[in-house]
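> These protein sequences, in sequence, are chains V and B. In terms of the working numbering, the first sequence is residues 1 to 110. In terms of the working numbering, the second sequence is residues 111 to 402.
These are computed hints drawn from the structure, not numbers from a lab. Glycine residues also receive a C-beta, built at the ideal position from the N, C-alpha and C atoms. Do not take every clue at face value.
[Claimed, not checked] With a Cα cut of at most 30 Å, we get these calculated DSS-like pairs of lysine-lysine: (1) B:Lys271 - B:Lys146; (2) B:Lys386 - B:Lys146; (3) B:Lys386 - V:Lys36; (4) B:Lys292 - B:Lys271; (5) B:Lys271 - V:Lys10; (6) B:Lys199 - B:Lys226; (7) B:Lys146 - B:Lys199; (8) V:Lys10 - V:Lys36; (9) V:Lys10 - B:Lys146.
[What the hints assert, rightly or not] Ranges between beta-carbon positions, derived for each pair: (10) V:Ala30 - B:Ser184: 16 to 26 Å; (11) V:Ser56 - B:His377: 17 to 27 Å; (12) V:Asp82 - B:Pro147: 47 to 57 Å; (13) B:Gln212 - V:Val41: 34 to 44 Å; (14) B:Arg387 - V:Val72: 19 to 29 Å; (15) V:Pro11 - B:Gly310: 26 to 36 Å; (16) V:Gln61 - B:Ala326: 32 to 42 Å; (17) B:Ser184 - V:Asp81: 40 to 50 Å.
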Amino acid sequence: MGRVTVSILKPGMVLSEPVFNGYRQQLAEASTILNKRIITVLQTWGVIDVEVQEVSEPTLQEIEEQMSTTVVLQQLSAMIDDRFYRADQHQFVSELRRLIKYDALQNIES
Amino acid sequence: MIPELLTGEPSLVVERIHELPTLPDIYQRLSSTIDKPFSSIWEIERIVRQDPVITARLLHFVNSPLYGLSTPVSTVADAIRTIGYDALKQLILTTSVIDMFQQESAGTLSLPAFWKHCLGAAAAARQLALWIGEEHPEEFFVAGLLHDIGKLIHNHYATDKFRTALVLAVTERLTLETAERKVLGFSHTQTGGFLVHRWGLSPAIQRAIAYHHSPAVPDILSPTLHEHVVHCADLISIGLGLGVSGSYRFPPFVPLSWEVLRLSSGHLAEVLSATKREVSQFTNILFGDYAE
Numbered sequence: 001m002g003r004v005t006v007s008i009l010k011p012g013m014v015l016s017e018p019v020f021n022g023y024r025q026q027l028a029e030a031s032t033i034l035n036k037r038i039i040t041v042l043q044t045w046g047v048i049d050v051e052v053q054e055v056s057e058p059t060l061q062e063i064e065e066q067m068s069t070t071v072v073l074q075q076l077s078a079m080i081d082d083r084f085y086r087a088d089q090h091q092f093v094s095e096l097r098r099l100i101k102y103d104a105l106q107n108i109e110s
Numbered sequence: 111m112i113p114e115l116l117t118g119e120p121s122l123v124v125e126r127i128h129e130l131p132t133l134p135d136i137y138q139r140l141s142s143t144i145d146k147p148f149s150s151i152w153e154i155e156r157i158v159r160q161d162p163v164i165t166a167r168l169l170h171f172v173n174s175p176l177y178g179l180s181t182p183v184s185t186v187a188d189a190i191r192t193i194g195y196d197a198l199k200q201l202i203l204t205t206s207v208i209d210m211f212q213q214e215s216a217g218t219l220s221l222p223a224f225w226k227h228c229l230g231a232a233a234a235a236r237q238l239a240l241w242i243g244e245e246h247p248e249e250f251f252v253a254g255l256l257h258d259i260g261k262l263i264h265n266h267y268a269t270d271k272f273r274t275a276l277v278l279a280v281t282e283r284l285t286l287e288t289a290e291r292k293v294l295g296f297s298h299t300q301t302g303g304f305l306v307h308r309w310g311l312s313p314a315i316q317r318a319i320a321y322h323h324s325p326a327v328p329d330i331l332s333p334t335l336h337e338h339v340v341h342c343a344d345l346i347s348i349g350l351g352l353g354v355s356g357s358y359r360f361p362p363f364v365p366l367s368w369e370v371l372r373l374s375s376g377h378l379a380e381v382l383s384a385t386k387r388e389v390s391q392f393t394n395i396l397f398g399d400y401a402e
């Protein structure tokens, strides 16, 4: 995946390089699997971006399958689908819908 | 009483409205002073300090997380030096326009939902502009915030017709733009474009508002990317569920914008994340109660 800003880090991502603060103190070593606590530590120390390993993001279909497992998730998925009523199938629109659903799913799960 | 607007091209419609809002005096004085070749910061500071609400907003803006200053700024002059003249002009323009329509009571449009949608588009437009390396992201913010200003004009000056268009959009599952063309003969994009032209805003902002649903190929006469950025930003705001746009169906996407802006999926994730974060920050700054 390469270098990404801390603002889009999500639990489960894996660091490919160690991260240091401004005093050259190591905050996390390479191959660390990120969780919410570690992400918060990085944000608190003002880390701007980090190197993460390639992460295969779930497809829209996989996300929708996960969102069909509970009533709350089904309603959330339907609410998002309503916003995209008769939307074009262009990559931009499809990716927009996927990212929004993925974010909603992760927020509920966390 | 303002006569109901039944037909006509938008320019005739807008010219017929004798009470069309004009930009407040403070913005006009500030704009002309900044545009002078040898204006001093003290002249500009003097203008800003004449309005305590704008002064408070400026200080709140510069001390917000958007600028991430380690030491708070407490004087107007320092605030102006920090954000720069362009950002100052855009801040006063946006707050002036919002204040202008805050007392809107006629019509069907829900102002809080309307402005939330516009603020979402503004924040997304600013983020998109930053990603593509534009030098003046504040101008894109203004274009995003004002992109649907034509709806406010229709809501106030063509209340019944606009209400009919809103209902038509829902019952026949149309975009609001399509419904407006059926009922009024023209859409909010045309009205908005004429309004900001009358306000003397930049051609880039005029085009962004007039063509945000149908951006064209950049050419030598209109080389800027504002309309493409606002086109994408509008859809991002709708997709994120920020406020209400008035359209029942998701507006058509013009693929040219994806090619012109050269976005990627990674970029889009960052833009969405930053947009959500900044909407709440800008809401506090632009809609906070600063009245004494």
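> Which of the listed hints are broken here?
As far as the earlier hints go, 1, 2, 5, 9, 10, 15 are violated by this structure, in ascending order.
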